[in-house]
Amino acid sequence: MGRYILKRFSLMIVTLLVIITATFFLMHSLPGTPLKNEEKLSPELRAQILEQYGLDKPAYVQYFKFLGHLVQGDLGKSLNYDGREVTDMLMQGFGPSLLIGSQALLFGVLIGLILGVLAALKRNTWLDSFATGASIMGVSIPSFVLAALLAYFVGVKLGWLPATGYDTYSATIMPSFALSFAVIAQISRYVRTEMVEVLEQDYMRTAKAKGINRFAILVRHALRNALIPAITVMGPLAVNIITGSLVVEGIFAIPGMGKMFVESILNNDYTVIMGTTIFYSVLIVVTLFIVDLLYGIIDPRIRITGAKE
Amino acid sequence: MSKILDVRDLHVSFHTYSGEVKAVRGVSFDVEKGQTLAIVGESGCGKSVTSQAIMKLILTPPGEYKHGEVLYNGKDLVKMSEKEMEQVRGKEIAMIFQDPMTSLNPTMTVGKQIVEGIIKHQKLSKAEAKEKAIEMLKLVGIPSPESRFTQYPHQFSGGMRQRAMIAIALSCNPNVLIADEPTTALDVTIQAQIMDLMKDLQARLGTSIILITHDLGVVAEAADRVVVMYAGKVVESGTIDEIFAEPRHPYTWGLMNSMPKLNQDRAEELSPIPGAPPDLLAPPKGCAFAARCKYAMKICQEVDPELTEHSKGHRVACWLEHPMAEAYRREAVEGRQSV
Numbered sequence: 001m002g003r004y005i006l007k008r009f010s011l012m013i014v015t016l017l018v019i020i021t022a023t024f025f026l027m028h029s030l031p032g033t034p035l036k037n038e039e040k041l042s043p044e045l046r047a048q049i050l051e052q053y054g055l056d057k058p059a060y061v062q063y064f065k066f067l068g069h070l071v072q073g074d075l076g077k078s079l080n081y082d083g084r085e086v087t088d089m090l091m092q093g094f095g096p097s098l099l100i101g102s103q104a105l106l107f108g109v110l111i112g113l114i115l116g117v118l119a120a121l122k123r124n125t126w127l128d129s130f131a132t133g134a135s136i137m138g139v140s141i142p143s144f145v146l147a148a149l150l151a152y153f154v155g156v157k158l159g160w161l162p163a164t165g166y167d168t169y170s171a172t173i174m175p176s177f178a179l180s181f182a183v184i185a186q187i188s189r190y191v192r193t194e195m196v197e198v199l200e201q202d203y204m205r206t207a208k209a210k211g212i213n214r215f216a217i218l219v220r221h222a223l224r225n226a227l228i229p230a231i232t233v234m235g236p237l238a239v240n241i242i243t244g245s246l247v248v249e250g251i252f253a254i255p256g257m258g259k260m261f262v263e264s265i266l267n268n269d270y271t272v273i274m275g276t277t278i279f280y281s282v283l284i285v286v287t288l289f290i291v292d293l294l295y296g297i298i299d300p301r302i303r304i305t306g307a308k309e
Numbered sequence: 001m002s003k004i005l006d007v008r009d010l011h012v013s014f015h016t017y018s019g020e021v022k023a024v025r026g027v028s029f030d031v032e033k034g035q036t037l038a039i040v041g042e043s044g045c046g047k048s049v050t051s052q053a054i055m056k057l058i059l060t061p062p063g064e065y066k067h068g069e070v071l072y073n074g075k076d077l078v079k080m081s082e083k084e085m086e087q088v089r090g091k092e093i094a095m096i097f098q099d100p101m102t103s104l105n106p107t108m109t110v111g112k113q114i115v116e117g118i119i120k121h122q123k124l125s126k127a128e129a130k131e132k133a134i135e136m137l138k139l140v141g142i143p144s145p146e147s148r149f150t151q152y153p154h155q156f157s158g159g160m161r162q163r164a165m166i167a168i169a170l171s172c173n174p175n176v177l178i179a180d181e182p183t184t185a186l187d188v189t190i191q192a193q194i195m196d197l198m199k200d201l202q203a204r205l206g207t208s209i210i211l212i213t214h215d216l217g218v219v220a221e222a223a224d225r226v227v228v229m230y231a232g233k234v235v236e237s238g239t240i241d242e243i244f245a246e247p248r249h250p251y252t253w254g255l256m257n258s259m260p261k262l263n264q265d266r267a268e269e270l271s272p273i274p275g276a277p278p279d280l281l282a283p284p285k286g287c288a289f290a291a292r293c294k295y296a297m298k299i300c301q302e303v304d305p306e307l308t309e310h311s312k313g314h315r316v317a318c319w320l321e322h323p324m325a326e327a328y329r330r331e332a333v334e335g336r337q338s339v
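Top to bottom, those sequences are chains A and B. Quick note: the first sequence uses UniProt numbering, first residue 1, plus one each step. Quick note: the second sequence uses UniProt numbering, first residue 1, plus one each step.
Hints were generated in silico from the structure; no laboratory data involved. Watch out, some of these pointers could steer you wrong.
[To be verified] Quick list of in silico lysine-lysine cross-link-like pairs, DSS-like style, CA-CA up to 25 Å: (1) B:66 to A:122; (2) B:112 to B:132; (3) A:122 to B:132; (4) A:36 to A:57; (5) B:91 to B:199; (6) B:91 to B:79; (7) B:112 to A:122.
Please take these sequences and the hints and turn them into a complete structure.
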């Protein structure tokens with residue numbers, strides 16, 4: 001097990017290095033510089049500023065310099081917001097995104113699970129059709145449409161919850177709800193499909209033949225086996241949701257990561273782009289690693305080899 | 001001897017898109033305490049459905065218990081509620097399934113799967129149940145049961161899994177054990193071991209066994225009584241000696257003839273029963289076997305023969321049994337022997 005983790009860890013480092021390299025050079029190949037009002041600057045001043053930030057050097061020199069700083073845990077300062085540390089900005093932006101994202105995820109997985117299991121148990125009834133309909137809507141209606149509708153009706157018309165902002169806890173409810181829809185849709189579909197299959201397996205009959213009651217059979221024998229595909233989609237889904245949705249954060253005016261990322265790209269804010277990319281990548285790679293470990297816990301057949309037989 | 005299980009005129013159907021499939025069409029038999037009853041017949045004759053119907057393991061819908069009774073110690077299981085059935089399943093009647101590869105939960109340790117039933121039916125603590133489970137694993141001949149207890153089914157071989165299934169089934173000392181083709185998925189050497197194990201346990205625990213199989217070799221070795229099924233009905237039933245020494249139904253003859261014999265010339269071909277069983281969506285009006293029967297008479301196509309008693313306990317459903325067909329029957333028997 002220790003060897004496996006070490007191997008996975010070194011692979012993670014390689015993956016990250018590839019992502020960092022690709023992003024860095026792609027970013028530098030974009031037209032424009034981080035300078036604002038570039039056309040108004042005199043050539044001398046322009047050259048002076050570029051030199052000050054080290055942007056006059058060839059890209060590969062900048063790349064190695066960046067890596068050097070990165071190893072020391074220094075992501076540099078924002079080029080756009082004068083003098084702000086990228087690390088601080090990330091921490092600040094990640095807070096709201098994490099809170100809203102985890103709420104959405106928790107709620108979405110719970111409801112999705114219940115809906116999926118019920119739909120499988122009551123196959124071909126109105127409940128199943130309802131669950132199918134709900135998940136088709138959940139997948140096909142973009143979260144920002146739902147977010148806008150919610151903000152308008154619940155926030156503005158009814159005035160039950162704050163329509164925008166991030167000052168009170170109640171302000172996080174609507175964005176979380178808007179984001180959870182896609183989670184409900186995906187999880188319920190996967191759980192339903194797998195559950196239907198699991199319910200027809202021979203070992204379910206064996207469990208029934210033991211005289212175990214229906215609920216215990218469902219929880220102990222069916223659910224665990226039905227969760228395996230859902231776990232697969234959970235990883236990327238979780239990262240996606242937790243790192244924040246740019247549009248939903250935009251609609252509810254939440255100072256989160258999504259908003260920060262887009263802004264940085266529009267401004268050619270090199271250090272922030274790199275910082276956010278690295279942050280996202282680490283999160284994804286780590287989540288996928290956790291998912292792989294979870295697999296082994298849920299399904300012993302894919303438990304990591306190397307454990308004693 | 002007393003009857004522990006008495007199945008009377010059981011009818012089970014499945015509702016499918018193309019209509020009602022009458023899988024079991026009036027099956028009756030009984031099982032005596034401590035005896036082994038074999039149910040034989042080719043694939044699709046309703047043996048498995050019958051066995052699962054006894055424990056009410058057939059999902060309704062699509063299945064339906066149309067008619068009949070399953071009397072266990074005098075109580076009709078068909079009329080019991082699911083809650084009541086939970087007390088019967090595993091505790092009074094237990095079952096071993098055909099495919100040990102798929103019949104165990106892949107994500108639960110073998111130990112837990114045995115313990116589950118023990119805790120449910122014997123009201124033991126977890127530690128006591130574990131002890132009992134390990135004892136069961138030892139009983140069915142699994143070496144180092146303590147370490148096997150915590151392993152998952154995929155770490156067991158096929159034969160081991162079937163042993164584990166038997167351990168699960170016998171863990172609560174059931175009075176009746178239904179074994180649905182317990183050796184079909186196993187190779188021949190393991191087959192013999194499993195059959196010996198079941199016989200041995202039966203002798204020790206006094207369990208009655210219903211053995212579902214299409215392997216007449218297994219039947220000859222293990223059964224006390226035999227029920228031959230065809231197209232959802234019983235066509236012949238009797239003691240093992242009666243069925244093997246003096247089979248009376250042409251279908252039973254066909255089954256016997258299709259078995260390879262030890263003294264058979266290698267060049268000689270096996271003699272299968274030609275044709276295929278009828279479609280149970282629309283079962284024939286007369287005898288279901290008539291279309292494949294060499295000795296079919298006119299009446300066989302028209303009227304389904306009743307199960308009649310030839311001698312005490314030996315029952316046959318065939319028009320050849322009719323007194324008016326006596327001469328024809330003798331001819332048929334002679335013809336069969338000359339083959």
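So, going through the hints one by one against the coordinates:
no. : hint           : result
1   : B:66 to A:122  : holds, 23 Å
2   : B:112 to B:132 : holds, 12 Å
3   : A:122 to B:132 : violated, 37 Å
4   : A:36 to A:57   : holds, 19 Å
5   : B:91 to B:199  : holds, 20 Å
6   : B:91 to B:79   : holds, 18 Å
7   : B:112 to A:122 : violated, 28 Å
The earlier numbered hints that this structure contradicts are 3, 7.
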